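*Asks:* Here is how the chains run, residue by residue.
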Amino acid sequence: MNPFLGYALSGVLLIGIGLYGAIVYGHLLRKIIALNVMSGGIFLVFIALARRAPGVADPVPHAMVITGIVVAVCASAVALVLSVRVAVETGQAALPGDHEDRA
Amino acid sequence: MIALAVAVSCPIWAIVVPLVGAALTMLWPRRATFVGAAATLTTLAVVTALTARIAQTGVQRYAVGGWGAPLGIDLYADGLSAILLAITAAVAAGVSLYGLRYFRAVSVLAYFWTLWLFVWAALNALFLSGDIFNLYVTLELVGLSAVALVALAGGGAALTGALRYLLVSLVGSASYLLGVALLYGQYAVLDIASLGAQVQPDTVTWVAMAAMFAGLMLKTALFPLHFWLPAAHGAAPAPVSAVLSGLVVKASFYILVRLWLQLFPIAVPAPGQLLGALGAAAILWGSIQALRQERLKMLLAYSTVAQIGYLFLVFPLADTVAAQTAWLGVLMFIASHALAKSALFLCAGNILRYYGHDRVHKLGGAARGEPVTFFALGLAGVSLIGLPPSGGFIAKWLLIEAAMASGQWWWVLVMVTGAFLAATYVFRVLGDGLISGTVSARRQVVAPGMAGAALLLALGATVLGFLAVPMDELRQIGWPLVAVRGGQP
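Residue numbers (the working numbering), protein chains in the order written: chain A, 1 to 103; chain B, 104 to 592.
Selected chain B positions facing chain A (Cβ under 10 Å, derived; list incomplete):
{"hint": "1", "residue": "F236"}
{"hint": "2", "residue": "Y239"}
{"hint": "3", "residue": "V240"}
{"hint": "4", "residue": "G246"}
{"hint": "5", "residue": "V250"}
{"hint": "6", "residue": "A251"}
{"hint": "7", "residue": "A254"}
{"hint": "8", "residue": "L270"}
{"hint": "9", "residue": "S272"}
{"hint": "10", "residue": "V274"}
{"hint": "11", "residue": "S278"}
{"hint": "12", "residue": "L281"}
{"hint": "13", "residue": "A334"}
Using C-beta positions, here's what the derived DEER-type ranges look like:
{"hint": "14", "chain 1": "B", "residue 1": "V572", "chain 2": "A", "residue 2": "V81", "range": "45 to 51 Å"}
{"hint": "15", "chain 1": "A", "residue 1": "P96", "chain 2": "B", "residue 2": "S210", "range": "25 to 31 Å"}
{"hint": "16", "chain 1": "A", "residue 1": "Q92", "chain 2": "B", "residue 2": "A158", "range": "51 to 57 Å"}
{"hint": "17", "chain 1": "A", "residue 1": "Y20", "chain 2": "B", "residue 2": "L537", "range": "49 to 55 Å"}
{"hint": "18", "chain 1": "A", "residue 1": "Y20", "chain 2": "B", "residue 2": "G510", "range": "40 to 46 Å"}
{"hint": "19", "chain 1": "A", "residue 1": "I17", "chain 2": "B", "residue 2": "R471", "range": "58 to 64 Å"}
{"hint": "20", "chain 1": "B", "residue 1": "S210", "chain 2": "A", "residue 2": "L29", "range": "25 to 31 Å"}
Over the 12 Å line for every Cβ pair with chain B, so calculated as not near, a few chain A residues:
{"hint": "21", "residue": "P3"}
{"hint": "22", "residue": "G6"}
{"hint": "23", "residue": "G55"}
Simulated from the structure, these hints should not be mistaken for lab results.
Since this is a predicted model, take the numbers as computed values, not measurements.
Where a beta carbon is used, it is the ideal one built from N, C-alpha and C, also for glycine.
Turn these sequences into a full structure, and let the hints steer you where they fit.
*Replies:* What follows is the structure, given as structure tokens:
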């Protein structure tokens, strides 16, 4: 099996884990971490597919991943700030209808 | 003079001007209103010049920084982009006029102008993007600034609404980005035009398309992925709700249209029928929920869920003999809903200011107390229901015509039912306002600019009914369907 396919499949697995976490967990911090796992998986897929010819890496996906990381960092920062405000205003670090799932 | 007009009509200005305006409002918060108004006027002028240029000389392509298509980022503007830019500018004019008088606290005011100009710049950038990765970046820019605008209202409801909106929006764009990764892995290009020329109906392409469509459907709030919308749109400040319902949900729908037209490898009926069925469910579910709402802003938010359903009825009609009619219909629908719904949200803001509440069954005396707002409410309601001569009427007429011409009568049934339900919830609001009731003591004067902004947008939705022909001429500039699918009548 081609090792790059292995990386791509691990990326897909990470995306699945992240999506599951983002839906199932109620605590906001867990949701945000799960979303970061998900975007990590997508970046891995990008990098695994970056091989055009044997031994030569395609730089364009790397540029896209760097841009994607910048976007993900900004989005996480906004999400964290909002989570803190939500926790202060409502007294729980979860969205209405969810539980903080203290496990 | 001509040289100036040519220079001003370069696509990059439509992004740079609001962006600079946003930065200036951040640097100079005490003069935010002045700077914001100036940026609004300049952006309107620039977008008008760009739209006129597209109408006169056709498709525009601009290589940012002088780097060409495969490596650099190209801005691309055809008739479809021009229509969306113009709709955005029209709604923006109303929202900016409203924003002059709506906010009272200086700090909130400055944040509003900064974030609103960011949203406008990001929307323009999205409509001018020529490659699928740039679309992702602009989609995130729109999402992040829109979330911040929702949170501007403060308080628990707005903050939780904003956070849910942010989380959902991130999942949606991540799904879209996965599709971009797969498409790039398969074809090694990002430019939509080059991609459209190479795309093959193989498994990877279908998986990529499914991921992109799922993500964008979540961001457009198509039933059953609409759960985040009412809380966010209902809790935001009135001008923000107008921007969100009028423009932001249309941005992700615009990407869906582009993907469908230019990247779908072959015409296949099954996905189109599925999207149409979800749209039909959205119309019925959203309208029934709107009927059950107690608060006007929530009613309008659920009405947006319903109206988004109409947009998706274009997909089952898009590969039939009536394709051109259906596409014009859906563009007309985007325009009329953008204008009418933003007008309605501004009216809701005025009513909230006037009464201190927006409970639908306690709006007695509104027609006498706030006549301009009430007139705008009625006018925009006419377009929302789809009564002549409004833009909403022409849009629904074209969609119904396309459904009949392609022999898919069941969509007509859904559209007519949706119109009846819309009429019911609009008259539920209007009916009480006409009765002379007792208005509670907490009445506040609504600034003339605020009522005027709502009226202008409502008038725009009505006048739109007479603009179908110029819109169709603009649409046909660089229309992709003819080139890709061998041309349908």
